[in-house]
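Kindly produce the complete structure, drawing on both the sequences and the hints.
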Amino acid sequence: MNSPSTHPTLFSNARLVLADEVVHGSLLCQSGTIASVDLGHSALPGAIDLEGDYLLPGMVEVHTDNFERHLMPRPKVRWDDAPALLAHDAEIAAAGITTVLDALGVGESDPDSVRGSEWTSVLECLAEFSGRGVLRAEHLLHVRCELPAPNTLDLFAPFIGNPMVRMISLMDHTPGQRQWENIEHAWIYFTGKKGWSQAKFEERVALSKEHQARYAQPHRSYFTDYCKQHGVALASHDDTTVAHVEQAFAEGATVCEFPTTVAAAQAARERAMATIMGGPNVVRGGSHSGNVSAIELARLGLVDIVSSDYVPGSLLSATVRLTETAGLSLPAAVAMVSRNPAQSIGLHDRGSIAIGLRADLVQVRMTPLGDGRQQPVVRAVWRGGVRVV
Numbered sequence: 007m008n009s010p011s012t013h014p015t016l017f018s019n020a021r022l023v024l025a026d027e028v029v030h031g032s033l034l035c036q037s038g039t040i041a042s043v044d045l046g047h048s049a050l051p052g053a054i055d056l057e058g059d060y061l062l063p064g065m066v067e068v069h070t071d072n073f074e075r076h077l078m079p080r081p082k083v084r085w086d087d088a089p090a091l092l093a094h095d096a097e098i099a100a101a102g103i104t105t106v107l108d109a110l111g112v113g114e115s116d117p118d119s120v121r122g123s124e125w126t127s128v129l130e131c132l133a134e135f136s137g138r139g140v141l142r143a144e145h146l147l148h149v150r151c152e153l154p155a156p157n158t159l160d161l162f163a164p165f166i167g168n169p170m171v172r173m174i175s176l177m178d179h180t181p182g183q184r185q186w187e188n189i190e191h192a193w194i195y196f197t198g199k200k201g202w203s204q205a206k207f208e209e210r211v212a213l214s215k216e217h218q219a220r221y222a223q224p225h226r227s228y229f230t231d232y233c234k235q236h237g238v239a240l241a242s243h244d245d246t247t248v249a250h251v252e253q254a255f256a257e258g259a260t261v262c263e264f265p266t267t268v269a270a271a272q273a274a275r276e277r278a279m280a281t282i283m284g285g286p287n288v289v290r291g292g293s294h295s296g297n298v299s300a301i302e303l304a305r306l307g308l309v310d311i312v313s314s315d316y317v318p319g320s321l322l323s324a325t326v327r328l329t330e331t332a333g334l335s336l337p338a339a340v341a342m343v344s345r346n347p348a349q350s351i352g353l354h355d356r357g358s359i360a361i362g363l364r365a366d367l368v369q370v371r372m373t374p375l376g377d378g379r380q381q382p383v384v385r386a387v388w389r390g391g392v393r394v395v
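Start counting the sequence shown at 7; every next residue gets the next number (the working numbering).
Zero decoy hints are in this set.
Computed beta-carbon distance windows for the label pairs: (1) E276 <-> T126: 37 to 47 angstroms; (2) A133 <-> E276: 38 to 48 angstroms; (3) A360 <-> S203: 52 to 62 angstroms; (4) S37 <-> Q253: 40 to 50 angstroms; (5) A163 <-> A88: 18 to 28 angstroms; (6) L92 <-> H30: 31 to 41 angstroms; (7) H13 <-> D355: 14 to 24 angstroms; (8) A278 <-> P374: 31 to 41 angstroms; (9) P164 <-> A100: 21 to 31 angstroms; (10) R371 <-> G52: 20 to 30 angstroms; (11) R393 <-> A163: 37 to 47 angstroms.
FYI, nobody ran anything at the bench for these hints, they're computed from the structure.
The C-beta atom is built at its ideal place from N, Cα and C for all residues, glycine as well.
Shown next as structure tokens:
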């Protein structure tokens, strides 16, 4: 499924979403890449008539927890690796994502959690299925490292030297700071999603401060050094203050994930760090953690990349919501889910509709909603010129 098509494919009667404009035209794919982009309708035999639908570059997702959700669909319920991967892959591709960095978390003192588990079998399954060419999307890795967790380095061991690792993010979910500055929001999340009791939550909060003081800085030093030595993109996570951004930038971070305040996002922009915000934040109109709104940051010009985070379908919906609520053009919004994330991890062969780039494409039809908004609907997806959805 991942071998580029050797047969030419011509798309006609499409609204092509280019880097700076939307044009009505046709597009020719040859040997897995875009061979030509032309204005107007093509009457050549064999052309695929897109019936006036939009043709977007395949989306590039650099941070999604969706694979973890399939691996553990309920607290303490571990699913088999292969069916979890295939279900995740199908959902990703159906959302219009052709390149995905599966965000896998390492570091968690709870052995019943997916992030407290050993990752070797999952990585072997991912490598095997990618090698067999049975996956719809191209899968790479984003390793999310929980700095205060005692077992983070042990759980990271299977990832060492793995060429699929393209990004590492430094996380610290100690309640009372960053994402969980509001303890009440932390309580709702951990008791609701993870099924913790009130007693367990209070015990973990007390223990987390001790672990933070002991492990966070040594682990931080290890991972910043690892990224420098292996050429892996380094990302900060949930920066709240300017000092958080300054520290990450000084350590070599080029990406600022989910800043929780305007001040942090502005500090990242001043340092030319690519800022990621969540698609669910855009679609919902606000953060589930009570932090800054992605739409507010987009209006201020402080968002570079949109990530689907925990809802793959939010990526495409967010692009349209940004045009409706933040004043972005469709090409500018689409760049946040294609070209910008691709460039942030050094994938310069995809992310735009342009001659010579990979023919990763998504056919999208806009469906009017009763409230005057539009809902994008994925009708077909091609990767390397091969239809996968």
